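All chains, full assembly: derive it from the sequences and hints.
Protein chains in written order, with numbering that gives the first Met the number 0: chain F, 0 to 195; chain U, 0 to 195.
Don't take each hint at face value.
If several chains are the same, the list does not tell them apart, and a pair holds so long as it fits within one copy or across any two.
What the hints assert, rightly or not - Subject to a maximum C-alpha distance of 20 Å in a straight line, what follows is the list of computed DMTMM-like cross-link-like pairs (lysine to aspartate or glutamate):
1) 42 x 125
2) 120 x 107
3) 120 x 64
4) 120 x 140
5) 136 x 57
6) 120 x 163
7) 42 x 145
8) 120 x 165
9) 42 x 165
10) 136 x 12
Simulated from the structure, these hints should not be mistaken for laboratory data.
Values in this document were obtained by computation on a predicted structure and should not be read as measured data.
Protein chains: 2
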Amino acid sequence: MLMQRKRKAGREELLERCLATFVRAGAIDLSLDQLANSVGISKRMLIHYFGGRENIEERAMTLLEQRLRAQFAPESFPPGTSPEAVVTALWERTTAPQARGVLLLVMDLSRRAWNGSARAKAFYAEQQRLWVRLLMKFLPDQPKVEEVLQLFQGAVLAYLITGDPEPGRRSLARMFSKQGTAGGSPTSRQRVRTRK
Amino acid sequence: MLMQRKRKAGREELLERCLATFVRAGAIDLSLDQLANSVGISKRMLIHYFGGRENIEERAMTLLEQRLRAQFAPESFPPGTSPEAVVTALWERTTAPQARGVLLLVMDLSRRAWNGSARAKAFYAEQQRLWVRLLMKFLPDQPKVEEVLQLFQGAVLAYLITGDPEPGRRSLARMFSKQGTAGGSPTSRQRVRTRK
DNA sequence: GATTACATGTACCACGTGGTACATGCTAAT
DNA sequence: ATTAGCATGTACCACGTGGTACATGTAATC
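What follows is the structure in structure tokens.
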């Protein structure tokens, strides 16, 4: 019974190392050999613990979902923050170098989604919900949120390819500088803090 | 000398069938076996004609570039068309069912680009130039064009995954109904939502 | 101490991959 | 007719893939 718990803990920790490897690689397509090697265990054991490649991916995706849900909770920003500040901060966080792996991994899952994978589609939908919920807290205008979200995604794509975060930042900022924000909050000119 | 031309023509036509297959599959990752089978020739001959997988991809990409350059020439729209009309028409064309293959293929190349492939990056850059040139003809406002482009890409991504072209159409339309174009026209007083 | 259940390593397999060797055709210039 | 050069088919290869068989360890339970 003691061993039981220890084994289970061991497996969870193994899963986390798998996810970490996926993030490091920016892809979920790694071969079991690569994955095993990078995780420091034999392919044999990977299959032994998870019972096949599909399960590893499934579990890793679920774990990733949890992590992202925690990271992009609306509580990350103090209430009353201006929408522009929120979006800009999100952009900073997204284009931070150390976030690149996650970004690539998420895009890899998006690819699976548009190639038909049901699981990946669910992942995408979940991410959408997450972001909408977050943004709606600070910008309670659904079409506008929809627009920001799509612009954000396009900007991420361009950023990933070119490596230049500036165009995205500009476009996102432009979207807010052009028209009055909701409620006419007077604090439109505050400096954006990139909370770490 | 007669044979020479015939051979060359045959090879070009073969290349076109390869590109067609890539488009049909929405990916450039097909194995040589699949490709050969779908094109109606033996793998043996594919390599014989093109000299290896890389060359096939390279040539197919170049051919695709040509095709797209022809399709998205500024002459496709009569001068003086409103920017909104142009963008909406482009959206229709992009989300037409028969365009899905090309869309997927282009996204596949984008993926290669963000995974580091120099050639795919060049392809992406070329497409960007193409669209900027086209849009600038009808919307001579560079930041705005940049913004539209990113929004468009994000919308395409969402469309590919969900299959629903409406959110993209809405956001794109919204972007034009909201404000005047360059220079910051003073008539930007839209409906304002109060936050909860 | 015997049994039981899991842990782990070593070979191994079938299959798909890009690519090659070799042999045989076929057509055209000599 | 002979030669040269391309076209094409059939085997074949080395390698990476996910996964399995089997054997051996190792530790808890009776």
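Each hint, compared with the structure:
{"no.": "1", "hint": "42 x 125", "result": "neither (31 Å within a copy, 42 Å between copies)"}
{"no.": "2", "hint": "120 x 107", "result": "both (12 Å within a copy, 17 Å between copies)"}
{"no.": "3", "hint": "120 x 64", "result": "within (13 Å within a copy, 30 Å between copies)"}
{"no.": "4", "hint": "120 x 140", "result": "neither (25 Å within a copy, 36 Å between copies)"}
{"no.": "5", "hint": "136 x 57", "result": "neither (30 Å within a copy, 47 Å between copies)"}
{"no.": "6", "hint": "120 x 163", "result": "between (28 Å within a copy, 13 Å between copies)"}
{"no.": "7", "hint": "42 x 145", "result": "neither (43 Å within a copy, 47 Å between copies)"}
{"no.": "8", "hint": "120 x 165", "result": "between (29 Å within a copy, 18 Å between copies)"}
{"no.": "9", "hint": "42 x 165", "result": "neither (42 Å within a copy, 45 Å between copies)"}
{"no.": "10", "hint": "136 x 12", "result": "neither (34 Å within a copy, 56 Å between copies)"}
This entry does not satisfy hints 1, 4, 5, 7, 9 and 10, going by the numbered hints stated previously.
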